[in-house]
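Engineer: Spelled out from the first residue to the last, the chains are:
2 protein chains.
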Amino acid sequence: MRCEIVAIGTELLLGNILNTNAKYLSEKLAELGIDLYYQTVVGDNLSRVSDTFRKAMERSDIVIATGGLGPTDDDLTKEGLCHALNIGMSVHEQTLAKIESFFKSINRPMAECNKKQAYIPEGAQIIENNNGTAPGILLKAKAKLFVLLPGPPNELYPMFENSVYPYLKGNAKYLLKSRMLRIVSVGESTVQEQLKDIFDNQTNPTIAPYAKSGEVHLRITAKAESEDLADVMINEMESKVRNILGDNIYGCDQESLEAVVIKLLQNKNKTISLAESCTGGLISQRLTSVPGASKCFMNGIVTYSNEAKQKFLGVNEATLRKHGAVSSETAYEMAEGIRKVSGTDIGLSITGIAGPDGGTAEKPVGLCYIGISYDEKVETYKLMFGGNREKIRWNSSIKALDIVRRIII
Amino acid sequence: MRCEIVAIGTELLLGNILNTNAKYLSEKLAELGIDLYYQTVVGDNLSRVSDTFRKAMERSDIVIATGGLGPTDDDLTKEGLCHALNIGMSVHEQTLAKIESFFKSINRPMAECNKKQAYIPEGAQIIENNNGTAPGILLKAKAKLFVLLPGPPNELYPMFENSVYPYLKGNAKYLLKSRMLRIVSVGESTVQEQLKDIFDNQTNPTIAPYAKSGEVHLRITAKAESEDLADVMINEMESKVRNILGDNIYGCDQESLEAVVIKLLQNKNKTISLAESCTGGLISQRLTSVPGASKCFMNGIVTYSNEAKQKFLGVNEATLRKHGAVSSETAYEMAEGIRKVSGTDIGLSITGIAGPDGGTAEKPVGLCYIGISYDEKVETYKLMFGGNREKIRWNSSIKALDIVRRIII
Chain A
59 MRCEIVAIGT ELLLGNILNT NAKYLSEKLA ELGIDLYYQT VVGDNLSRVS
109 DTFRKAMERS DIVIATGGLG PTDDDLTKEG LCHALNIGMS VHEQTLAKIE
159 SFFKSINRPM AECNKKQAYI PEGAQIIENN NGTAPGILLK AKAKLFVLLP
209 GPPNELYPMF ENSVYPYLKG NAKYLLKSRM LRIVSVGEST VQEQLKDIFD
259 NQTNPTIAPY AKSGEVHLRI TAKAESEDLA DVMINEMESK VRNILGDNIY
309 GCDQESLEAV VIKLLQNKNK TISLAESCTG GLISQRLTSV PGASKCFMNG
359 IVTYSNEAKQ KFLGVNEATL RKHGAVSSET AYEMAEGIRK VSGTDIGLSI
409 TGIAGPDGGT AEKPVGLCYI GISYDEKVET YKLMFGGNRE KIRWNSSIKA
459 LDIVRRIII
Chain B
59 MRCEIVAIGT ELLLGNILNT NAKYLSEKLA ELGIDLYYQT VVGDNLSRVS
109 DTFRKAMERS DIVIATGGLG PTDDDLTKEG LCHALNIGMS VHEQTLAKIE
159 SFFKSINRPM AECNKKQAYI PEGAQIIENN NGTAPGILLK AKAKLFVLLP
209 GPPNELYPMF ENSVYPYLKG NAKYLLKSRM LRIVSVGEST VQEQLKDIFD
259 NQTNPTIAPY AKSGEVHLRI TAKAESEDLA DVMINEMESK VRNILGDNIY
309 GCDQESLEAV VIKLLQNKNK TISLAESCTG GLISQRLTSV PGASKCFMNG
359 IVTYSNEAKQ KFLGVNEATL RKHGAVSSET AYEMAEGIRK VSGTDIGLSI
409 TGIAGPDGGT AEKPVGLCYI GISYDEKVET YKLMFGGNRE KIRWNSSIKA
459 LDIVRRIII
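Residue numbers (this note's numbering), protein chains in the order written: chain A, 59 to 467; chain B, 59 to 467.
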């Protein structure tokens, strides 16, 4: 069963709105185990809408269209489909009555154009719309299934959920289930190489890597007759992948790196404090974005100037003079200082050159030192990050959070 | 000139991600006055990718593809295009050298598969990628223009803006020019109401409001024969709008609120320090994301606990006991304290309840106090924000930055 989604609306082609309907429907179809091969967006133009339906029915079994069911002249979805199938339309009396009574109920005269919404293609069934005047349309023709849904998400979502989803589920044999593994410290190409044997031999479940800013996400998707069976298949694949990638996998699905760090801190009953220079509060902000962070995040200080590093963290003036603010020695004293002044289990520091200015041959833009004070010791890390200011700050915040994560594990 | 956008990636068909690239490109093409007739999404499958290119070149003059340029086996965009055009690929030596030196610079071994990114279709030019390893591709073939762009938005946006946009603009007959006015403190519907007369009578330039998180952006677009003429038309419309919205307009185009605040501080030779509670470093992070912020941003302290508020900012224990951490009195002392301890011209403080927990009937989630100490005084503001933790933190950071902006003006 191959499906495709056709979204109709010039506002999508002008970039005025995001095609959230396509994402929503795609997710639901994946859940149902229905293969989706294409999404198309076309404007409010009769010949292009009918061309799009023609192409879609050539290559797919199910065509789900969104938008263009309203009362105005640029609502052309039903017209386009009828054109493509070479069939006519007729009025659906109950729908007409419902629209008329709706206008009566709100005490407004019904503009003539509203009648348009009560016309349906020959042989079609309507799908009740409890949140608007335009009904959805279900039509079987030429051995294909056509489902026309209204564009507004508050009409489309309940209509799909209540009527279309159960209908398609009754006809589906398999379901698809996915899990996303979240990976740090290695790039997409390394993941690909390390998992080469699995990639080469994958059939079901399938795996696919996605490069995210500073991270890699690996999707595992199983096709099975039941959800339980899909879980078993995914678990088996996950443990194969974990055997290879180990601790580089930090979380699953929607879990962010900062949420994982906060959870670990809470579980181990540890507290943390932060001294940030180049990241300017980014790491504090990420950690405190997690609900409940206040239980383990004590405080963070953004010490941009040398004076602030001395005053708040007790960094030695001699250290700054001899080694500079961006140095292993300064990171060391910052980590120790913030931990001491805050009385936390862990003190994390970061100092670097985020650019675009401030780099030298010896200390280029992208150079970054991270310090971490815990138990009886302080460790420092020297790192180089590529890209612009935003990327350097973001990737160094990932590295710093990952260092904390690995130490707590 | 008819254009279409082809997005390549199974993750789009699975509904894992939104097709934000298509929206972005659609908006830009509209700005350029290039007609966009179709957007298509296709998965990582060679024959379907090449079918899609074949169909696209049949009906359009320009085909812009996104995604599938990376190093892994499921990156098939160039292969699909070559297949559709029946041409080969060859290695682009400079690109290969650049990729190799990138891996050297970050001290990581280059996985063999990365070489794939240096292969380009016969007759194609590369488009430099300053934010990743995969270059973009520009190819004229069969009287059509093909533009292949990387999928990650942080690579696609600058590549399009710096290289593709100017290229397409040079080939356009008439031009559309836009300016975006950035507005705080009033919502979209208020903007719509206040500008009702302008909205009702717009022809050229046109104006359109966009609701952004916590802000409203108002696009003014003029269609003209020359850039100078467009500028004159836009300036005229802008001053009409400014007469009505006044200081609620904080900036233009890409200028962020934080960048405007940093620029104002620099121009007036003022310094600032921050004491954040509920925003957890978000405001510091926003200000320091602006290149050159170190000249006026001295330091920021994230004082999550009462102890930290006393220790670092000198907030009175009695104040915290009597009024609580989330109170006008505490915001007052935090602002005064951070300014004093940092020796800056301005001290900004924020304390509130971001949720989801911690709210009471008297002090609900979303309650927030902002304090600002400057010249001889301290002002405090009591505010209520709706939404979830993320939204409360974000919108309160906007309000705090806006308070600083209005005081410096």
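Be aware that one or more of the hints could be misleading.
Any copy, or any two copies together, can satisfy a pair, since identical chains are not distinguished.
[Claimed, not checked] Derived DMTMM-like pairs (lysine to aspartate or glutamate); straight-line CA-CA distance at most 25 angstroms:
1. LYS200 - GLU283
2. LYS321 - GLU434
3. LYS254 - GLU170
4. LYS321 - GLU186
5. LYS113 - GLU437
6. LYS202 - GLU158
No wet-lab data here; the hints were simulated from the structure.
Engineer: Indicate, hint by hint, whether the structure satisfies it.
Structural biologist: Verification of the hints:
When the C-alpha separation of LYS200 and GLU283 is checked against a cutoff of 25 angstroms, the pair qualifies neither within a copy, at 28 angstroms, nor between copies, at 47 angstroms. Taking the shortest alpha-carbon separations for LYS321 and GLU434, only the intra-copy value of 23 angstroms comes in at or below 25 angstroms, while the best inter-copy value is 44 angstroms. With identical chains, the CA atoms of LYS254 and GLU170 are at most 25 angstroms apart between copies only, with a shortest distance of 12 angstroms across copies and 60 angstroms within one. Taking the shortest Cα distances, LYS321 and GLU186 never come within 25 angstroms of each other, neither inside one copy (31 angstroms) nor across copies (41 angstroms).
With identical chains, the CA atoms of LYS113 and GLU437 are never at most 25 angstroms apart, being 61 angstroms at best within one copy and 58 angstroms at best between copies. Taking the shortest Cα distances, LYS202 and GLU158 never come within 25 angstroms of each other, neither inside one copy (32 angstroms) nor across copies (51 angstroms).
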